[in-house]
Structure formats: C-alpha cells, structure tokens
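Enquirer: Each chain, written out:
2 protein chains.
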Amino acid sequence: MRLDEMSQEQLAEFEKETRKEYEKFKAEGLKLDMSRGKPAAEQLDIAMGILDAVKSGDDLSDESGADCRNYGGLDGIPEAKRLFSVMLGVKLSQVIVAGNSSLNMMYDMIAKNYIFGTGDGAKPWGKLEKVKWLCPCPGYDRHFAICEAFGIEMINVPMGKTGPDMDMVEKLVSEDESIKGIWCVPMYSNPTGITYSDETVRRFASLKPKAADFRIFWDNAYCIHHLTDQPDSLLNIMEECEKVGSEDMVYIFGSTSKVTFAGAGLAFMGASEKNISYYKGLLGIQTIGYDKINMLRHVRFLKDEEGLKAHMKKLADLIRPKFDTVLRILDEQLTPLGIGEWHRPAGGYFISFDAPEGCAKRIAQLCREAGVTLTGAGATFPYGKDPKDSNLRIAPTYPPVSELEEAAKLFAISAKLAAAEVLRK
Amino acid sequence: MRLDEMSQEQLAEFEKETRKEYEKFKAEGLKLDMSRGKPAAEQLDIAMGILDAVKSGDDLSDESGADCRNYGGLDGIPEAKRLFSVMLGVKLSQVIVAGNSSLNMMYDMIAKNYIFGTGDGAKPWGKLEKVKWLCPCPGYDRHFAICEAFGIEMINVPMGKTGPDMDMVEKLVSEDESIKGIWCVPMYSNPTGITYSDETVRRFASLKPKAADFRIFWDNAYCIHHLTDQPDSLLNIMEECEKVGSEDMVYIFGSTSKVTFAGAGLAFMGASEKNISYYKGLLGIQTIGYDKINMLRHVRFLKDEEGLKAHMKKLADLIRPKFDTVLRILDEQLTPLGIGEWHRPAGGYFISFDAPEGCAKRIAQLCREAGVTLTGAGATFPYGKDPKDSNLRIAPTYPPVSELEEAAKLFAISAKLAAAEVLRK
Numbered sequence: 007m008r009l010d011e012m013s014q015e016q017l018a019e020f021e022k023e024t025r026k027e028y029e030k031f032k033a034e035g036l037k038l039d040m041s042r043g044k045p046a047a048e049q050l051d052i053a054m055g056i057l058d059a060v061k062s063g064d065d066l067s068d069e070s071g072a073d074c075r076n077y078g079g080l081d082g083i084p085e086a087k088r089l090f091s092v093m094l095g096v097k098l099s100q101v102i103v104a105g106n107s108s109l110n111m112m113y114d115m116i117a118k119n120y121i122f123g124t125g126d127g128a129k130p131w132g133k134l135e136k137v138k139w140l141c142p143c144p145g146y147d148r149h150f151a152i153c154e155a156f157g158i159e160m161i162n163v164p165m166g167k168t169g170p171d172m173d174m175v176e177k178l179v180s181e182d183e184s185i186k187g188i189w190c191v192p193m194y195s196n197p198t199g200i201t202y203s204d205e206t207v208r209r210f211a212s213l214k215p216k217a218a219d220f221r222i223f224w225d226n227a228y229c230i231h232h233l234t235d236q237p238d239s240l241l242n243i244m245e246e247c248e249k250v251g252s253e254d255m256v257y258i259f260g261s262t263s264k265v266t267f268a269g270a271g272l273a274f275m276g277a278s279e280k281n282i283s284y285y286k287g288l289l290g291i292q293t294i295g296y297d298k299i300n301m302l303r304h305v306r307f308l309k310d311e312e313g314l315k316a317h318m319k320k321l322a323d324l325i326r327p328k329f330d331t332v333l334r335i336l337d338e339q340l341t342p343l344g345i346g347e348w349h350r351p352a353g354g355y356f357i358s359f360d361a362p363e364g365c366a367k368r369i370a371q372l373c374r375e376a377g378v379t380l381t382g383a384g385a386t387f388p389y390g391k392d393p394k395d396s397n398l399r400i401a402p403t404y405p406p407v408s409e410l411e412e413a414a415k416l417f418a419i420s421a422k423l424a425a426a427e428v429l430r431k
Numbered sequence: 007m008r009l010d011e012m013s014q015e016q017l018a019e020f021e022k023e024t025r026k027e028y029e030k031f032k033a034e035g036l037k038l039d040m041s042r043g044k045p046a047a048e049q050l051d052i053a054m055g056i057l058d059a060v061k062s063g064d065d066l067s068d069e070s071g072a073d074c075r076n077y078g079g080l081d082g083i084p085e086a087k088r089l090f091s092v093m094l095g096v097k098l099s100q101v102i103v104a105g106n107s108s109l110n111m112m113y114d115m116i117a118k119n120y121i122f123g124t125g126d127g128a129k130p131w132g133k134l135e136k137v138k139w140l141c142p143c144p145g146y147d148r149h150f151a152i153c154e155a156f157g158i159e160m161i162n163v164p165m166g167k168t169g170p171d172m173d174m175v176e177k178l179v180s181e182d183e184s185i186k187g188i189w190c191v192p193m194y195s196n197p198t199g200i201t202y203s204d205e206t207v208r209r210f211a212s213l214k215p216k217a218a219d220f221r222i223f224w225d226n227a228y229c230i231h232h233l234t235d236q237p238d239s240l241l242n243i244m245e246e247c248e249k250v251g252s253e254d255m256v257y258i259f260g261s262t263s264k265v266t267f268a269g270a271g272l273a274f275m276g277a278s279e280k281n282i283s284y285y286k287g288l289l290g291i292q293t294i295g296y297d298k299i300n301m302l303r304h305v306r307f308l309k310d311e312e313g314l315k316a317h318m319k320k321l322a323d324l325i326r327p328k329f330d331t332v333l334r335i336l337d338e339q340l341t342p343l344g345i346g347e348w349h350r351p352a353g354g355y356f357i358s359f360d361a362p363e364g365c366a367k368r369i370a371q372l373c374r375e376a377g378v379t380l381t382g383a384g385a386t387f388p389y390g391k392d393p394k395d396s397n398l399r400i401a402p403t404y405p406p407v408s409e410l411e412e413a414a415k416l417f418a419i420s421a422k423l424a425a426a427e428v429l430r431k
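One line per chain: the protein sequences are P and R, in this order. Going by the working numbering, the first residue of the first sequence is number 7, and it counts up by one from there. Going by the working numbering, the first residue of the second sequence is number 7, and it counts up by one from there.
It should be emphasised that the hints constitute simulated quantities derived from the structure, not laboratory data. Computed from a predicted structure; not experimentally measured. Hints should not be assumed to be uniformly reliable.
[Claimed, not checked] Under the rule of at most 27 Å between Cα atoms (straight-line distance), these lysine-lysine pairs were calculated in the DSSO-like manner:
1. P:K61 with R:K61
2. P:K61 with R:K315
3. P:K138 with R:K286
4. R:K133 with P:K133
5. P:K61 with R:K319
6. R:K394 with R:K177
7. P:K319 with R:K61
8. P:K133 with R:K286
9. P:K136 with R:K118
10. R:K286 with P:K391
11. P:K133 with R:K138
12. P:K118 with R:K138
13. R:K118 with P:K129
14. P:K315 with R:K61
15. P:K118 with P:K97
16. P:K320 with R:K61
17. P:K286 with R:K391
18. P:K129 with R:K129
19. R:K136 with P:K136
20. P:K61 with R:K320
21. R:K61 with P:K309
22. R:K138 with P:K286
23. P:K133 with R:K118
24. R:K138 with P:K129
25. P:K118 with R:K118
26. P:K118 with R:K136
27. R:K133 with P:K286
28. P:K138 with R:K118
29. R:K309 with P:K61
30. P:K118 with R:K133
31. P:K138 with R:K133
32. P:K118 with R:K286
33. P:K286 with R:K118
34. P:K133 with R:K216
35. R:K136 with P:K133
36. R:K129 with P:K136
37. R:K129 with P:K138
38. P:K133 with R:K129
39. R:K133 with P:K216
40. R:K129 with P:K118
When you get a sec, could you build the whole thing from the sequences and use the hints?
Expert: Structure follows, in structure tokens:
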C-alpha cells in the first residue's frame, strides 16, 4: 500500500515498525561518507599504469619536439590538445589544456570576466552594480559556491527531464542585461543524471541574450562517463553555436579528474578562437604554462580516443554495480510505498532523489545520526536553500558494494521514516 | 684606455674596428635565445630520477595515510608542507603547497585581494579609485606585467647593493594609503643578483604602512639557488615580522621550477596563520586541491633538506661555469674600456648589465640583428620603460658554454659599438 493511502492508524504502525528498523541500523555503528563524488580505490587502481607512462629513460619531447621538462607552451602540448579537443567536441584551435582542476578553470574564467571583462568591450562584471546568474537546479554545489563568493545573484531555473526549463531561460536572458551566465552540466547532469535533449542544446545555441557578454558555462564533466551500453547522446554545442554564429557565447569544460586520478589529472577548456585568443592573452600574464609532463603522461597512457573509451569501459564495469545496488534498494523499498522519485542515469556520478516535500533535511539528519554522511540537504540549490526541502544527492562510487548496500538500506529506511513523520502531522 | 678618455679621432677609429668585428659575428649566423631564465637540458637531466620516484607498484599514501590519488587536502600533503616550509623559513602552520607555478600563486593573491580584499575588513582593491605598487627596479618583468594587467600604478624604487632604497620605501608607504604592495626578490634578485642586507629585511619587517592592507610580495625564487661555496645569506623575513608583530604584512613565495622541472614542479606560499586561514577559505571555492601525486614525487625524490641541498649543488656545478664564462668575457672586453657595470652574483639566474646611458636598446638591437635574442631592453622596468635606457638582463643558463661564449663576445662587441656611437654624438 502506498504511504499516502494509509490511514493515520496504519501510518502510526508503519512509523513504529520503521523506527525499530532504523534503531537497529543505528546500533550497527556504520561509518560511511557518501557526501562527495569520489572515485573508489579500485577505480584509481585501473589508472596506476599512468605512473609508468613517463620514466627516466624516456624521451620527454612532445610531438612538436619541445622539451616538456622546460618552460613554454601556454595552451598545452599538441597531442594533449588533440585528444581532449575530440573529447570536448571542439577543433584543435579551440582548446586549452591546463592544470589539474576544471573547477579552477571555471572559477578563473569568472574571475577574468569579473576583473577584465569578456573581451568584447563590455564592462568587467566587477564594475557593475549587479550581476545575476541562472542556476538550473538541482545542480552542482561548487558551481553555486563560486557565484556566491563573487556576490553574483543566483536565479533558480527548474531542471526537467530534457534539461533546464528553456522557456524560462530564453525569457530571462532576453529581458535582463544583468544576467551574465548560466551553469550547465549537460550530460549525466550533476545530480539529476539526465542529458540535455537535442532541442535543449539547439535552444541554448540560439539564445539571444540582452547582455552581449552573457556566457554559457558548459561543464561537460561526465561526457565520457557512460555506465551502460546504451549511453545517452548529447548534441555538440559548439557545432550548433557555429551554425547560428553564437560560438563566442559558450565555454566548454572537461577534465580527467574521474578518468585517471582525482586531483592529479588534466583540465581543459573549449571555446571559440576569439575567446581562446583573448583568454590566452590574459593567461600569459598569470602563468608561464601548465604541467606538460603530466600531459605527456596522460597521452602516453590513454593513447587516443579508442584508448580513452576502453579505459572508461573498465571504470563503468566497476561503477555500474554500485548504481544498480542503490537503485535496486530504492526500487524494492520505496516504489511500493510511493515514496520519492529518482532517475536511472545512464552515466555520471550521482543519483538524485526527490523526497516528499519537507523530508530532505530530516532524511540527511537520520542518515547522519546513524553514521552515513550524505551531501547536505539543500546543497544542490543556490544558497543551500531547496525551496521544497526535497532533493538529496546520492554519490554511490566511493564505498565498496557491501557497505553501499547497507548505506542504501539506511537511506531507504530514513526516507520511509521521514515520509511517515510528515504524513502523520 | 677608457672609452670616455678617447679623443673623437680615437673613438672613430675604435668604432670602425669594432664594427668590423661585429660584422664578422653577424656573418657567422648565430641563432641563440637568451631572453628567459630557462634551465639547460643538462640541468633537467639531473632531475630525471623524479619520474621514477612514484611508480605503479608503489603505495601512494601520504604520511597521514591519505590516498594521494583521490580528492582531498587543499593545502598539500604533510611531507611536502614540511620540506617546503623549511625552504621558505616558515612554520608548518604557515605554508600552502599548491600547483606548478609560483607566478600563478602571486597572481592569484593579487586577484583575491582585488576581488575580495585582504580579509581584514579593508575594501577589495578592485573597488578603489586607485591602487599603487612599489616596484624595485631593475626587477622582474612578469611581476610588473601583473600590476599592469590589473591597472595598478607602478612606482619605480631604485635597487642598490643592499636592496631597494628603503628610505624611499618607508616614506612612500607611510604617506600614501593607495600603495598596497611591493615586489621583492630578496635573494639573488632578478636581475641584479644582489641579496637584501639584514638591515633591509629588518626595515621591511618594521614598515608602518598607512594602508592596513599593504602587502610585501616576497618572491624568494632563488633562496636555494647558490652558485658558490660562499653563498649570500638572507635574514628570515617571517621571523623578523613576528618579532615586531607585522607577520600579516608578508606573503612569501617559492617553487621548484628551477629545481626539478620548469612547469612541472611545485609552487608554495608562506604566510601568517591568519593569512593562510583566510586564503584557504577563498581557495576552497576555487579548487578541491592540487596535484598530490606530484607532491609525493617531489618529496620521495628530494627526500629532505639535505637531499635538496645536494641536488642544488649538482645544479650549481652546471650553472657556475656559464656565469663564469659571461663574467670573464665582460671583464676582459669591457673593464679596460670602462664600459658598463655589473655585479658578480653568488647565486640566482641572471647577470644584470648597466650599460652607459642610452645604450641598452641599441645593444639589444645589435645582438638581435646578429642572431642573439636578449630580454628586451626596458623589460626590467615597469611599463618597459628604463628611464636611462641602460639595464640589460643576461640569462646565461640555457645555452651550452660554447654558444654562450660566442653570445657573450657578441654582447661585449655590441656594448662597445653602442657606447662608441653614443660618445661620438
């Protein structure tokens, strides 16, 4: 029987039984951190070969003949630019391969535009009275934290099954010149796991923002992180922009943080030649260049697009059972009761759980008190404020399957208990 | 005979002879880039062992047990923090080990203070009408380029044999609240090669700036780059600051760019606990962390302070003959003629040459036209404007000794020719 069809008596009995189950879990003394999308040790083990890809006896020249041990090459070595331009879906002339963190690159692009402007004559964002930003949500908390740090006012845009509410996006950007950007995780979205539809991508490319310096921050973090043999497909935003002449409107980001080593990978950005040229001008003041040996290491280990795909398949084989475990338990425990909604993602790092309204914080609290830390309730919304107190992000990659099973059961029990508490009121 | 003692006839004859020598060099078709302080291939060869310091079979935990392959650890792994805090002369609680570029860290500190302020309640620099900066010169062109990019007005401060003109520094910072910082390369200064005297360091620590958010950018890039067995010594600025309670006034920077690999090394910053805490708060928005595997690689290769010293000694043995070659040729060719002044540095990367007034651009042009590129004349001054058109920076490390000998001879001949041309007018 669905929870919302139960009488108050039935609910009271259900809550009592569930609380017993919960207390049993609590007594087990679990201790598990599922708060961040961290790779598991077995995933990292698969990348260990990268440490031997560049050894002391090797020639450390890139394919242009430049010595990767020395200064030079602001935008990356040619072979790394080639491999990762393909990954981002941009031309070789449209890519910069940089440091170890795409988050840092996104932050830097906002900082550059804040201090110096976007390079097309518009005022630097830091000189404006007010800068606003569109935040499809639920979304990525670290994106929102950047906006908050810069004092950028965030506007919630609801995420649907095909991407952000594009009617709202089109309307807002065409009317309000102070809206300067939007965060997008277009494939296996963090956290909802959906991939933007072709129509959504085309509507993004065709946006007619009132602000000439409006920018789409296209964080394509999970573009190769497929979990199944039927992966989603995402239309190439750069190609769509080029068709309509809007290629200066989009910055595309990616990294190997969850491909090789988290924190010791590479980050890269795709953008129009005009944007790349402007950004390189600014970047040349900031640094002489990035770690070219790590670029060499990556290309020699991953080799090419096929090598990258084969590596990602190995990772998927490790991650898929974890997603399956969580989804199975949610299906078994919550579907019959009609508690919550979630999506079965074909890739990415997260399962997004929409609890009954007013339950998310309580579920996180119940889990925490029984030893399982989730990403804080509210974190998937700007300013940490989920208006419905409903969304929770589950990050299944890090724990071993056995622990994950326990954690997912605890999660389900907590969801039941929270839902019953709300309905009993 | 000194050039300035020659009659016009003698000068004409001298110029004619020198021009002949110059034309001979030009005909040789040299092609040499001495514009930047780049390590030579033999120096990089000495660091090749670092590539084997972390292999696929190794345990990649840092000494706290954290897996360096995964996310975490914003301020660096403990063993790297320990090694490089010693190098910077600060406590373990006063260091952040970060990415691959100390230039980038300095840029970031200015950007942070520009956007968010220094954290003590003062307005962000970007919100002020005017921000000024003291620039001891000759100095490092990339420092000046950062100020120029941020629209910070640079004020020239003459460099002497014991450091910047401290009377001028003290007077200016105590009077003008819009002066927010000063660039210092306190040891083996870029380019003059001098090391700040103890008195200079103490006077820096005791500065009483009008601006509470005034900061000393102490770029200690060459603190371990000794060339001889009689190295200079530099007083510890952090200790001096702590004695007088001014420890929040200084940021100290260093890197291994010229220790291991240029661009694939580590950068680090020393600062008071208060500054570190504030900066880490901002940094946590920008990135999840830096490349901990490269930190592990560095510590396992360099081991400890003794290991670092032994490594630097090997580098010094390669670099010293190059400095000696240039200095010998300058001594032989120019001293008898009384042309120019230069310092014999006990470390660092540069020889600074003060040509007779009005000669620097002409010398650089003559060298360039005969195939040797120097750092552009004027580059060692803010806005590229050397008021006396006198200073040139010679970077002897990159070319092999044989080529360097030719280049130094060409340099001396060009200096003679330029000096004669000026005196003949």
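Enquirer: Take the hints in turn and mark each one as holding or not.
Expert: We went through each hint and held it up to the structure:
1. P:K61 with R:K61: 9 Å, holds
2. P:K61 with R:K315: 24 Å, holds
3. P:K138 with R:K286: 26 Å, holds
4. R:K133 with P:K133: The given pair, whose Cα atoms are some 8 Å apart, holds under the 27 Å limit.
5. P:K61 with R:K319: 24 Å, holds
6. R:K394 with R:K177: 24 Å, holds
7. P:K319 with R:K61: Since the Cα atoms of P:K319 and R:K61 sit roughly 24 Å apart, the hinted pair holds (cutoff 27 Å).
8. P:K133 with R:K286: 25 Å, holds
9. P:K136 with R:K118: Status holds; Cα separation ~19 Å.
10. R:K286 with P:K391: Distance of about 24 Å is within 27 Å: holds.
11. P:K133 with R:K138: Since the Cα atoms of P:K133 and R:K138 sit roughly 19 Å apart, the hinted pair holds (cutoff 27 Å).
12. P:K118 with R:K138: With Cα atoms ~20 Å apart, P:K118 and R:K138 stay inside 27 Å; holds.
13. R:K118 with P:K129: Status holds; Cα separation ~19 Å.
14. P:K315 with R:K61: This hinted pair holds, its Cα atoms lying about 24 Å apart.
15. P:K118 with P:K97: Measuring from Cα to Cα gives roughly 23 Å; hence the hint holds.
16. P:K320 with R:K61: Answer holds: P:K320 to R:K61 is near 21 Å, not above 27 Å.
17. P:K286 with R:K391: 24 Å, holds
18. P:K129 with R:K129: 20 Å, holds
19. R:K136 with P:K136: Status holds; Cα separation ~22 Å.
20. P:K61 with R:K320: 21 Å, holds
21. R:K61 with P:K309: 19 Å, holds
22. R:K138 with P:K286: 26 Å, holds
23. P:K133 with R:K118: 16 Å, holds
24. R:K138 with P:K129: Given that 27 Å is the threshold and the Cα spacing comes to 22 Å, the pair holds.
25. P:K118 with R:K118: 12 Å, holds
26. P:K118 with R:K136: Answer holds: P:K118 to R:K136 is near 19 Å, not above 27 Å.
27. R:K133 with P:K286: 25 Å, holds
28. P:K138 with R:K118: Within the cut-off at roughly 20 Å; holds.
29. R:K309 with P:K61: 19 Å, holds
30. P:K118 with R:K133: Holds, at roughly 16 Å.
31. P:K138 with R:K133: Within the cut-off at roughly 19 Å; holds.
32. P:K118 with R:K286: Roughly 20 Å separates the two Cα atoms, so the pair holds.
33. P:K286 with R:K118: 20 Å, holds
34. P:K133 with R:K216: Holds - the C-alpha atoms of R:K216 and P:K133 are around 26 Å apart, at most 27 Å.
35. R:K136 with P:K133: Within the cut-off at roughly 14 Å; holds.
36. R:K129 with P:K136: Cα-Cα ~18 Å, so holds.
37. R:K129 with P:K138: 22 Å, holds
38. P:K133 with R:K129: Holds, at about 14 Å.
39. R:K133 with P:K216: 26 Å, holds
40. R:K129 with P:K118: Holds - the C-alpha atoms of P:K118 and R:K129 are around 19 Å apart, at most 27 Å.
Consistency with the previously given hints is maintained throughout, with no hint failing.
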